[in-house]
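J.: The lines below spell out each chain.
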Amino acid sequence: MSESLRNDGRVWVPKKKGDTRRPNDIPESERDYYLERRYPSFGNLVPRDVASRAAKEVCDEGRGVGPGGHGVYLDFADAIARLGLDNVREKYGNLFEIYERITGDDAYRVPMRIYPAPHYTMGGLWVDYHLMSTIPGLFVAGEANFSDQGANRLGASALMQGLSDGYFIIPATVPDYVATAKPEKVDTSHAAFREAEEDVRRRTDTLLKVDGRRTVDSFHRELGRLMWDNCGMARSDASLRRALAKIPELREEFHRNVRVLGTGEELNQALEKAGRVADFLELAELMCLDALHRAESCGGHFRVESQTAEGEARRDDANFCYGAAWEWAGQGQPPALHKEPLAFEYVHLAQRSYK
Amino acid sequence: MKLSLRIWRQKDRNTPGRFVSYEVDGVTPDMSFLEMLDVLNEDLTTRGEEPVAFEHDCREGICGSCGFLIDGVPHGPRRHTTVCQLHMRFFKGGDSLTLEPWRARAFPVVRDLVVDRSAFDRIIQAGGYISAPTGSAPDANAILVPKEAADTAFDAAACIGCGACVASCPNAAAMLFTAAKVAHLNSLPQGQPERDERTLNMVAAMGREVFGTCSNHGECEAVCPKGIPLEFIAALNRDVIRAAFRRRREPLHVIGAAQHPAHEDVCESNSAQKESST
Ligand code: SF4
Ligand code: FES
Chain W
1 MSESLRNDGR VWVPKKKGDT RRPNDIPESE RDYYLERRYP SFGNLVPRDV ASRAAKEVCD
61 EGRGVGPGGH GVYLDFADAI ARLGLDNVRE KYGNLFEIYE RITGDDAYRV PMRIYPAPHY
121 TMGGLWVDYH LMSTIPGLFV AGEANFSDQG ANRLGASALM QGLSDGYFII PATVPDYVAT
181 AKPEKVDTSH AAFREAEEDV RRRTDTLLKV DGRRTVDSFH RELGRLMWDN CGMARSDASL
241 RRALAKIPEL REEFHRNVRV LGTGEELNQA LEKAGRVADF LELAELMCLD ALHRAESCGG
301 HFRVESQTAE GEARRDDANF CYGAAWEWAG QGQPPALHKE PLAFEYVHLA QRSYK
Chain U
1001 MKLSLRIWRQ KDRNTPGRFV SYEVDGVTPD MSFLEMLDVL NEDLTTRGEE PVAFEHDCRE
1061 GICGSCGFLI DGVPHGPRRH TTVCQLHMRF FKGGDSLTLE PWRARAFPVV RDLVVDRSAF
1121 DRIIQAGGYI SAPTGSAPDA NAILVPKEAA DTAFDAAACI GCGACVASCP NAAAMLFTAA
1181 KVAHLNSLPQ GQPERDERTL NMVAAMGREV FGTCSNHGEC EAVCPKGIPL EFIAALNRDV
1241 IRAAFRRRRE PLHVIGAAQH PAHEDVCESN SAQKESST
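Protein chains in written order, with our numbering: chain W, 1 to 355; chain U, 1001 to 1278.
Calculated directly from the structure, the hints in this document are not laboratory data.
Predicted model, so just to flag it, every value in this text is computed and none were measured.
All residues carry an ideal CB built from backbone N, CA and C; glycine is no exception.
One or more of the hints may lead you astray.
[As the list claims (entries may be wrong)] To give an idea of the interface, some chain W residues facing chain U are shown, with a C-beta separation under 10 Å as derived from the structure:
id	residue
1	213
2	217
3	265
4	269
[Stated by the list, open to error] Over 10 Å on every C-beta distance to chain W, these chain U residues come out as not near it, computed from the model:
id	residue
5	1021
6	1051
7	1061
8	1111
9	1118
10	1132
11	1135
12	1194
13	1204
Throw the hints in and build the complete structure from the sequences for me.
T.: Okay, here's the thing in structure tokens:
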């Protein structure tokens, strides 16, 4: 569900472990509004990394709700009492409808059940101040680039970056490039084109020829699980090393044992997906490598070794106050790290506190 | 639970298609319809048969990628629900269902349940934009938007471009879609500079595609997963007349463009397409 729901919804779980009563049968005194309890001044409005971790913690304690225990309640009863049903409907009607379609529950009457899930990767392609990538003339706008998102994504950030890049930067920098670049005339007979075409053909043929025993989806799922368990909301040196050991094995099996039927001549969704999962296998490894090298906690990157006495993320500004840009060094080569120092002119670094 | 499916299989645009029957087992009530097809496809792949092609992306009813006919009804039996949001709890074990792609000449089959909806893109290209100053930050609230206009625009913008309206229409007309796209920007102050141009250009673009002509059946509204109401079509007709007068163009010229593909022609080709299964 959208995070905007936390503007008015209250998050809670039962105080007791394994409480299977229906939410509306659990009296106030037996509910733990854990965000309000832990963060009295921000309450349900803490940033998403903090809210996600807290949800994970209460579920790990065995207080999660719903089948499987991976859920916390997001309750609108108070908002409805305070603002009236119509106002809540007006603000969040479309989201309540999505929820109803998925679960069959009416969230105006019973609390929603939510759980954090990966949504975007933070970071993106390296660009310069003009939003141009390392390939001259290739501009990257919006969340596909790394420029505005830091260690955290905040609400509506996809929209925000789309607007700021689209309104303020690209309209100046792309025309500037077009006006000053002197492109030679090229067509599809150019050697670079033929090389790229040959590359794609080789890649496609390789995937089609494997004819192994496992579906693309099964690899995708296994990789997802691996990342969820080892490079998820909380990661450690050990879990990241585990993932870094397993991903190459999985990638090796993928290229030896994937089954993609059909040809590359017509629409072939399994082939498209196979290409993407092959990319995910590379990206997943890079994400783990990056997470392993950053031995501090920062935003959504929570290293269990680096936390305060209260279990909050502890940054290490002396050693990690930089953005990490990883350069692709070629097939089979470890990527090269470029550190982009972060300079703070007006707002100075401090330990976050939402208490 | 276990279901029997009759699914339209077609290799590409030029190869004739046909229905093939499948059994799918291990379906649970909390799966979505597309997840049920994922299960089928895993099974087909394991058995060495090519999986069924169907479009999907967000799987939460907001992108407009998904859509096919379930027993002749676009997006299946639930009101205001895309197939990706349709859950298997509404079906029971032993059900047999027929799945086929949108049937309209303007939407040729690409493969199996996937059709080419680029005709919609060309309509949007003709007028789905506004002029906006860029480069420096505009003052906040420099343009005031009446609440009613914002609400109308939002309702129109709910159209996800899925094409169910065309698939349900006996004329295969694209009026509800075009009306929603025109109304989205025409309702807002930001959309006023190009308002007339937009209306005429989008209607003309619709006329250039092989959609049929609206004869107010209302099937589109009945199947639209986003509840786009017929009123937007009435508003579009008003806007066409308004634009024609204000720009001192001949209204007949514009309406003629929209009606260009003869009504009978499109109807016939639709039913012919169903029979001959191409
Ligand atoms: S009007 Fe409704 S049915 Fe037609 S394309 Fe838009 S959302 Fe789909
Ligand atoms: S997959 Fe996006 S609307 Fe169905």
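J.: Now tell me if each hint is right for this structure.
T.: Quick rundown of the hints versus the structure:
| no. | hint | result |
| --- | --- | --- |
| 1 | 213 | holds, 8 Å |
| 2 | 217 | holds, 6 Å |
| 3 | 265 | holds, 9 Å |
| 4 | 269 | holds, 5 Å |
| 5 | 1021 | holds, 19 Å |
| 6 | 1051 | violated, 6 Å |
| 7 | 1061 | violated, 6 Å |
| 8 | 1111 | violated, 4 Å |
| 9 | 1118 | holds, 14 Å |
| 10 | 1132 | violated, 8 Å |
| 11 | 1135 | violated, 5 Å |
| 12 | 1194 | holds, 18 Å |
| 13 | 1204 | holds, 28 Å |
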